[in-house]
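There are 2 protein chains.
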Amino acid sequence: MHNQINVNEKLNDIGEEEILDRIKKYMEIGQIDDDTALIKNTNKDLIINTDLLVEDIHFNETTSNPRNVGWKAVAVNISDLAASGVEEIIGITVGLAVPPSTTWDWVDKIYEGINDALNEYGGKILGGDCSSSKQKILSITALGTKGKVNLHRSNARPGDLIVASGSHGLSRLGLYLLLSDPTIETANLSHSLKLKAIQSHQKPHAPLIALRKLINCKPKNIPWRAAAIDSSDGLLNAVKCICKSSNCTAILDEDNLPINQEWPNGENWNDLCLQGGEDFELIVSLPPSWAKEWMISMPSCKIIGKMEEGYPEVKWSNGQMVKVSLKNEFKHF
Amino acid sequence: MHNQINVNEKLNDIGEEEILDRIKKYMEIGQIDDDTALIKNTNKDLIINTDLLVEDIHFNETTSNPRNVGWKAVAVNISDLAASGVEEIIGITVGLAVPPSTTWDWVDKIYEGINDALNEYGGKILGGDCSSSKQKILSITALGTKGKVNLHRSNARPGDLIVASGSHGLSRLGLYLLLSDPTIETANLSHSLKLKAIQSHQKPHAPLIALRKLINCKPKNIPWRAAAIDSSDGLLNAVKCICKSSNCTAILDEDNLPINQEWPNGENWNDLCLQGGEDFELIVSLPPSWAKEWMISMPSCKIIGKMEEGYPEVKWSNGQMVKVSLKNEFKHF
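First to last, the sequence lines map onto chains A and B. For the first sequence, counting from 1, position 75 maps to 74 in numbering that gives the first Met the number 0; every step adds exactly one. For the second sequence, counting from 1, position 82 maps to 81 in numbering that gives the first Met the number 0; every step adds exactly one.
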C-alpha cells in the first residue's frame with residue numbers, strides 16, 4: 000500500500016475518507032469504523048490521563064521529527080500513568096488537528112512514532128479523531144489498569160525518603176543544544192553527554208521499568224503506600240507537588256542531586272537539574288526500608304532527601320529554602 | 000469565589016497554577032491533582048470515543064456562545080457512545096488549547112456548558128489538560144459502560160427496517176439562519192421552525208432517550224442485534240456507512256424522509272434533510288418487529304426505508320440512486 004502513496008501529498012489533496020482509511024491501518028481495533036472503540040472488561044480499576052502537545056509550545060520542526068513527536072506524545076501520557084501505579088497499558092485515543100497543507104508523510108510518521116511507543120510500552124490505538132486546524136496539535140488520552148500500589152501525591156509521610164528513579168536536567172540540556180541556546184556553556188561537555196541529552200529531549204522514556212521494580216521490591220511487612228509523581232514539570236516542582244498534597248516539608252541533600260555522572264558542577268547546572276523539566280522520571284516518597292530495596296533493584300535510583308513534619312515547602316539540609324533561577328522557565332501560558 | 004474573579008482577565012495574566020485551580024472547581028474527582036484520574040471497576044465492557052472541536056471549523060463566535068460550545072462538545076461525544084449502545088456515562092477528559100489572550104470568562108463558560116451536559120447525561124469531568132495555542136480547540140474523550148445491545152455498524156441484515164430517531168436537516172438550517180446564508184430561501188419559514196433549527200445547531204441533544212427506549216422495547220424472541228450510527232455527518236452518510244459495513248443495499252422511501260412537520264417541500268429541502276449533518280439522531284437498521292415497537296414507544300421515530308441484499312449503496316424505492324447536491328458540504332479538510 001505504501002508504494003502507491005506520494006508521501007509529499009498534502010491532506011487537503013487527499014480527502015477526508017482516504018485520510019481516515021490510511022490512519023486506520025495503524026489500528027488493530029478502532030473507533031474509526033464504529034465511532035467508538037470497545038474496551039473489554041478488565042475487572043480492575045482503571046486510570047486515565049489526557050495530555051496535549053502543541054506545535055511551537057511542546058515541539059517544533061527544529062528540535063524534533065514527527066516520528067519522535069509521536070513517540071513522545073505517548074511516552075508523556077504513559078509517564079503519568081506510571082506515576083499512578085499503572086499495571087497494564089490498555090491503549091490510547093489520538094486527537095490530531097493539523098493544517099490542511101500538512102503532508103501525509105508527517106501524519107504517517109506521527110502514527111509510526113505512536114506505534115513505536117505502544118510496541119515498547121503495550122496498548123493499542125483505540126481510536127481518535129482528525130480535523131484541520133491552524134496549528135499542529137496532538138491530544139492523547141491514555142488508559143491503563145491500576146495495580147495494587149497506591150501512589151497518590153498525598154501519600155507522603157514524615158520519615159519517608161525521597162527517591163528519584165534517574166538523572167534530571169538532561170532533556171532541557173538537550174533542548175539548549177538543539178536550539179544552540181547560549182543560556183548554558185556547553186562547549187566542554189562530552190560527546191556522550193550531549194547525545195544522551197538530545198535523546199532525552201527527543202525520545203524520552205516513560206518510567207515503567209522503574210515502577211515495576213518499585214512494586215516488585217516492596218518489603219512484605221509494610222503497606223502499599225507511597226507518594227509518587229513524574230518529573231515532567233521538573234524535579235523541584237515534582238517534590239513541591241508532593242509536599243503540597245501531603246502537607247510535609249521536603250529536605251533535599253545538595254550533595255545528592257540526581258545528576259548524570261558526566262554532569263558538570265556549578266549552580267547553573269544544579270538549577271538545570273532541579274528545574275529543567277520533561278525528565279519523566281518517578282519521584283517517590285516512601286518508607287526507608289522500601290527505598291533501600293528499590294535502590295538495590297534499580298541502580299539509577301538516587302535518594303535525594305527526606306520528608307519531615309512542617310509546612311509544605313522544599314528546603315536544603317542546611318535549612319535554607321530551595322530556590323532556582325533558571326532562565327526561560329517553561330510555561331504553558 | 001466567583002465574585003473575586005475578573006471575568007475579562009486574560010489567561011496570560013492569570014498564570015498556569017491559578018488557571019488549573021479554577022478549572023479544578025468543575026471536577027468532583029480529577030486528574031489535575033494527581034495527573035491521572037481513577038475509574039472504579041465497573042465489571043463491564045467500556046466504550047470510548049474522542050472528538051475534536053476546532054474554532055472556525057466546528058464553531059465560531061458568530062454562531063454560538065462558549066456555554067453552548069461546551070455543551071455541544073460533550074453532546075457530540077455522547078451521541079457516538081449512544082450509537083454504540085452505552086449504558087452509563089462514566090465521564091470525560093477535556094483537552095483545552097486556547098490562545099493566551101483568551102478571557103477567563105470564555106474558559107469558565109466552556110466548563111459551565113460541559114457541566115450542563117454532564118448533569119443532563121450523567122458522568123463527571125475525570126481530568127484533562129490545558130495549553131496555549133493559536134486557535135481554540137476542545138478535545139473531549141468520553142467513556143461509558145456498554146449495555147447488552149450490540150449496535151455495530153456491520154450488524155444490518157437484509158429484511159431489516161431502517162429507522163431514524165428524529166428529524167433531520169434542522170441543525171444545518173440553523174447554521175444557515177445564523178450566518179444569514181442565502182443557500183436556501185428562509186423568508187417564509189415559521190418562527191417556531193427557525194427557533195428549533197437554531198437550537199438544534201447550538202445545543203444539540205445526544206440521543207440517549209431514543210437508545211433507552213430502543214433497548215427497553217426489544218421483543219423477547221429476537222436477539223440483541225441491530226446496526227446503529229449517529230447522524231452527525233448527515234442522514235445519507237449514516238445510511239451509507241451502515242450499507243458499507245454490513246454489505247447491504249438500503250432502499251429509502253422518498254415520501255417518508257424524517258423531516259420536521261413544518262419542513263417545506265422541495266428538492267433543496269430534501270437534500271438538506273439528507274445531507275445537512277450534525278443531527279445527532281440514531282439511524283438504526285433492525286428487525287421489523289423491533290422497529291415497530293420502537294415506533295410505538297418513541298413517536299419521533301420514523302421508518303425511512305429497508306435493507307436488501309445487494310451492493311453497499313443507497314437507492315430510492317423506484318430503483319434510482321440517492322444523490323444530493325447540497326452546496327457548501329461540510330468537510331474536515
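It is possible that part of the hints are untrue.
Given that identical chains are not distinguished, each listed pair holds provided it fits within a single copy or across any two copies.
What the hints assert, rightly or not - Derived lysine-lysine pairs resembling DSS-like cross-links, with alpha carbons at most 27 Å apart: (1) K147 <-> K314; (2) K123 <-> K212; (3) K9 <-> K23; (4) K23 <-> K195; (5) K108 <-> K212; (6) K219 <-> K39.
Calculated from the structure, these hints are not laboratory results.
Checklist entry - What label fits K123 with K212 when the C-alpha limit is 27 Å: within, between, both, or neither? => result Cα proximity of K123 and K212: one copy only (24 Å, versus 34 Å across).
Checklist entry - At most 27 Å between C-alpha atoms: does K147 with K314 qualify within a copy, between copies, both, or neither? => result neither (32 Å within a copy, 56 Å between copies)
Item to check | Same-copy or cross-copy closeness of K23 to K195 [CA-CA at most 27 Å] | outcome: neither (34 Å within a copy, 37 Å between copies)
Next on the checklist: My question is about K219 and K39: at a cut-off of 27 Å on alpha-carbon distance, are they close within one copy, between copies, both, or neither?
Outcome noted: between (32 Å within a copy, 26 Å between copies)
Next on the checklist: Reference check for the pair K108 and K212, CA-CA at most 27 Å: within, between, both, or neither?
Outcome noted: Neither, since 32 Å and 44 Å both go past 27 Å.
Checklist entry - Quick one: K9 to K23, C-alpha cut-off 27 Å, is that within a copy, between copies, both, or neither? => result within (18 Å within a copy, 39 Å between copies)
This entry does not satisfy hints 1, 4 and 5, going by the numbered hints stated previously.
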